[in-house]
Structures are given as structure tokens and as C-alpha cells.
Amino acid sequence: MLKKRLIPALFIKNGLIVRSENFDYHQFIGSVVHEAKRYSDWDVDELVYIDISREKEYDLRRDDYNLDAYYSMEEIIRKIAEVCFMPLAFGGGIRNLSDVDLRIRNGADKIILNTGAYETPELIGQTASKYGSQCVIVSVDYRMVDGKDQVFTSFGTHATGLTVNEWISRCEQEGAGEIFLNAIDRDGKGNGYDIETIESAVESTKLPVIACGGAADEFDFQELAEEVENLSGIAAGNLFHFTERSYPRAKKYLKENGINVR
Amino acid sequence: MIATIPQINYCKKCLLPSSSAIPVAFDDHGVCSACRTSKEKEAIDWDRRLKKFQRILEQYRSKDGSNYDCIIPVSGGKDSFFQVHQVKNEMGFNPLLVTYNSNNYTPTGLKNLQRMRDVFGCDHVFFTTSVHTLQKLNRISVQIMGDTQWHYQSGIFTYPFQVAVQMNIPLLIWGEHGHMDIGGMHSYNDFVEFTYRYRHEHILRGFEWTDFMAKAAEYGETLERREMIPFVYPSDEEIDRVGVRGIYMANFVKWEANEHGPLMMEKYGWLENEEPFERTYRRMSNLDDFYENGIHDYLKFIKFGYGRATDHACKDIRAGKMTREEGIKIIQQMDHVKSKDVYQWLDFVGWTEEQFDHLADTYRDPRVWWIRDGQWHKMDITGEPTAYGKVHLTPEEQQKYVRA
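Chains A and B supply the protein sequences, listed in that same order. My numbering puts the first residue of the first sequence at 1, with every later residue one more than the last. My numbering puts the first residue of the second sequence at 263, with every later residue one more than the last.
For reference, chain A alone in the conformation it holds in the complex (with noise of 0.2 Å):
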């Protein structure tokens, strides 16, 4: 059985991680700084950062922290790659080749696109031959709409009529080397994965699928480890910022309970 990463996946608003609740809901957990440092001491597998800033502003809101302050993505990304050692993608705002060439060389491992894949599908492949495509993991956000799956774009307020399955069958062609799936409806509210969609997906590509969306705890994990076989990535946005130790804790967990994972 292939063995399965578990990945926090960290939202940035303006500078600071957010939890995030709905896609349109964000309430502001700390710095980027810290956090990093925080998963690092963990050994996480792996870390996902997405920059949801609607207004690509950057401020720590205050001068007081034992931190230096920072305006950009550039420098974000920089003290991220700074403290921590594990592989890093971030995404988010990413139109064309010069915003990925920024993060790459600012300590960016992997690049994740969503809107910008969408408007411009021959990014993917550009990224991909630049960089090789195991760089270019594809994000996909989708909710149900009359019982079934469409992919949205844009913070989750563009309909594009299309099925996750169709959308990652085009990703796939186009040279993603990996797809992101997060759930809109569920996100932030800890009532699980969609672990149908999610199954369907995996069986529906070749490519190494990372779900998101739902998790409440370490059973959540478990039963989506077991259900969908073939998943490569579990990730949790919210999570692990809620209890002491929350990732080796849920490693430990999952080893315990026979679930293959690093």
C-alpha cells in the first residue's frame, strides 16, 4: 500500500495564517513565522501554504513581536524557507511564468495553481517544462451543486461548470504533476471528508491526489487513509492549530492504527 504523506495545508490572509471556514470566512491565527517554525520542530512530511489575500497586502498588523516585519510574498516566502526543511508549495495569486519563477527562487519546492490554471490552461505545462512537472501541483475547489461536484474557481466565486474529474482529466494532459482537492462546502467545519468525490477522483487519474476539507480530528484521517486506498496526501487546514502537538500526535495515532504512513 502506498504511503500516504499527511500535510498541514496553512492559508495566509495579508500576511498572517487564517482559519478559514467556508472560503469566505477567516479569523486570524498568527504569523507565518511561527507557525513554520512550529511544524518544523514536528517534522511535518510536507507543507502547503496558499495565499488567500484578496488584496495582495502584507502586514503583520503590529510592531511589537519579536519578529521582523515583513510587506511581501517574496519576503514570506524567504523566513518560511529559512526555518523549515521539509518540502514547501505555495500557491495562490499565481497568473504566469514570472510569479512561479519568484516563489521558486525565493525557496519555493512545489507551485500550486487554481485560477490561474484555469484562465490559462498552458501554464501548467509551462511550469511543468521549466521545472519539471512534479513542481506543479494543480488546486481544485469544488462544492456540490444539485448533488453533483463543480469545480470553482476565483476564492470559490466563479462557477465552471466543469466536474472535478473533468477538470483534473485536462490537468493531467496539460502536465500537472499533482492535484490539491479541497472541498468548499466543508471547509472549516470538521464534519468530515467528502470521501466519495474524493475516491472518484483518485480512481479518475494517474496523479498523486492530496484531499482537504472536513477533518476534525485523527478518526477523520484514519477513515479517509482506509477508504480511499489509493490517495497519496491527507492534508487539514485548520487542525493542527488547535491542539498541542496535533501533527506527531496524529502521526502517532495513525502508525498505531496500522495506517501506512512516514
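Since the hints were made in silico from the structure, they are not lab data. Every clue listed holds true.
The list that follows gives simulated cross-link-like pairs (lysine-lysine, BS3-like), each with its CA atoms no further than 30 Å apart:
#1 B:K314 / A:K189
#2 A:K37 / B:K477
#3 A:K189 / B:K274
#4 A:K189 / B:K275
#5 B:K516 / B:K303
#6 B:K602 / B:K591
#7 A:K189 / B:K516
#8 A:K252 / B:K314
#9 A:K79 / B:K662
Listing some non-contacts, in silico: residues in chain B with all C-beta distances to chain A over 12 Å:
#10 M353
#11 G371
#12 R377
#13 R379
#14 C384
#15 V515
#16 W517
#17 Y543
#18 V611
#19 D642
#20 L655
Every residue gets a Cβ at the ideal spot worked out from N, C-alpha and C, and that includes glycine.
Given the coordinates of chain A, assemble chain B onto it according to the supplied hints.
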């Protein structure tokens, strides 16, 4: 550089400003995350949560009575009383009470602490750091982070964990999660627990005892490693060995501070402060350290343009005990007051007032404050730019506060 100086806005429901010291988010209707989180309380099935609380505690009960069932970190305030009342008297557990002493109790606060021992009959550890060390930590703290209170915040959120590790008591029961209560950092569905990261980043703002040691000489102080023992948080290995876990009772038992006060007075003779405070109208909060309502909070006003009267009024507005208009009147009268304990503090550390005022001014947030005609100005909640006294900075230091 800050790209654009943001307009300070205020929550449409309460009085919380976007310059809040605690990271606060506003929704599309201009309502703050604290109001939003607070409203969640109405729809929660609290009976179900109480059962969950009981189940968690049961997991940690000392079966043969050879150890305590849990630790409750206490200050002797109304919330401490409520926690011990719930855990010991209502649910029948045997907690060890642990207090890190601020060294600045109000006389009423001390009476309450003594009363807590008398009425609950719990074992109680009361820890006090050397006053000589405290003087040094106060001076360094105000200079490196614009706050006098590092030792207290650090002590409260370190010492009980040291006891947990030393005595092998895994479960700590806190009252409410401060940033969730005041800023709405979390949802009640998160069941957030205490984390080292929250302590390090939000409570201590990234400053550890090691930073104090490293910077002491720069400020003409000498600090020895042995003076920092109370502030050394246990390692991840120690935390894991004991399985330490800090839960917040407010996730399980409906938390309404306005009700705890009267309930604890009636049941246990708890007292609200016998003297009024200068910077807030509430008499039932922060009796464990008069600086919390005083110099510490005055520095918050200096930095971010609002104070504890705002925090308290926000809570009372959310609880339906005050209107927004009543709140505005109060905060316009109280948020800026330079309280008398500032002079007591100056005496404690041996500083002059000018020395303090100058230092404080260097911490003003340029997102909030600007200088005009030698006076500090900020935009008030009323929408009026208002002057708040003379500037104590050099012309060079004033540069970043001049707006076009």
C-alpha cells in the same frame, strides 16, 4: 514599510477597533470575529458539552487517589472560583490549584485568594518569583516589548506546566481562551486547547526568557540563568512523556463572566474590588494584578489607541448588558487615562516619568497615531480626529508619524 496606512474602523456591533492588539477579523457586514464567535454560544447544546467535559476529566481521574486529578491554574478571581466550583464541587474531582503570583494583588484580590483556600478546601501552590528579579524583568520588558508585564504572562503560562510535568499531572483546566474571548480567534467547534505556539506567539509575543538573558546587558542589567527558572517552559519531550494537555472550560460550560461574579459572591462570598479602577468601570476583573488594569493597559492605549474599558464594554455589549452608545461614552472617558499605578511602577523600577513617556511614545503604532502641532492625534470611534497630549519624541523619531 506599511504599504498604505489603513483606516481604523470599528466593529458595527461592539466597539473593537481594527487596530486591536489581538488579531481580529471583520466579516462583510463589518462585524468583528469576537462578536461572531460570542454569538455561537446561543446555538450550542451545553448539556451535551458538559457530558463531554465530564468524560474527558474522567479519563484523567486518579483511580487510587495517589495523585491529583488535574491542575487548575488560578488567580483567585471570579473565573477561578467558578472553575473550582464546577470541577470540585459540581463534578467531584480533586484539582491541585496553582497560582503564579503577580506580586501586585489588590488588597481585595488577596482576600479572595485566601477565601478560595477556605471555602474549597483544595491543596494550593502559590509561587512567587524573587522581587529583585521582577524589578529587572519589568525594566527589560518595557524596553524590549513596550509592556511591563512579561513576567506575569510568562509565569502564568509556564509555572503550572512545570508543576504538571514535575508532579505527573497531565490535565490542566483553563477558563477561557483569551484571544478567542476577546478577539474571536476560534470557533467553539474547534475545541481549541492550549499550545506552546499560542503561548510563545500571542501571549509572549515571541519573547522567551532566552531573549531576556541575551538582551539584559544591552539595557545595563545582569540576569543570571538561575533567575529564569520559573519561565522555562517544559520541552516537547517532557510534555509528551507526561501527556500534558491544557483544555479550556469555556468550550464545555457556558461562559458568561457577568454571571460568574454574582454567583460566586452569593455562593462563596467572593468580593469584587472594593476600590474603583481608573481605566475601567468593571470592578470584578484583574484583582490579581492592578497593573493589568493600569500601566499595562495604558501602554495598550499608547500603542493601539484603545484600552480595557473598550474590552470590557465590548463584552458587556455582546452579553446584552450595555448599548453601543453607552459603551462609547464610557470609553471616551476612560481609555486614555494615565492611572496612578504608573507612578507606583516608576518607583518600583527607579525610573523618571519623562523616561517612561519617551519610551512609551516610541511604541505608538503609526497605523493609529499621527503628530500634528506637537500633539498625538488619532481617529476616535466618533469619527473625529482627536488630540491626546504632547509628544515626547525627538524630531527624528517623530518622522514616521507625520502624515501628508
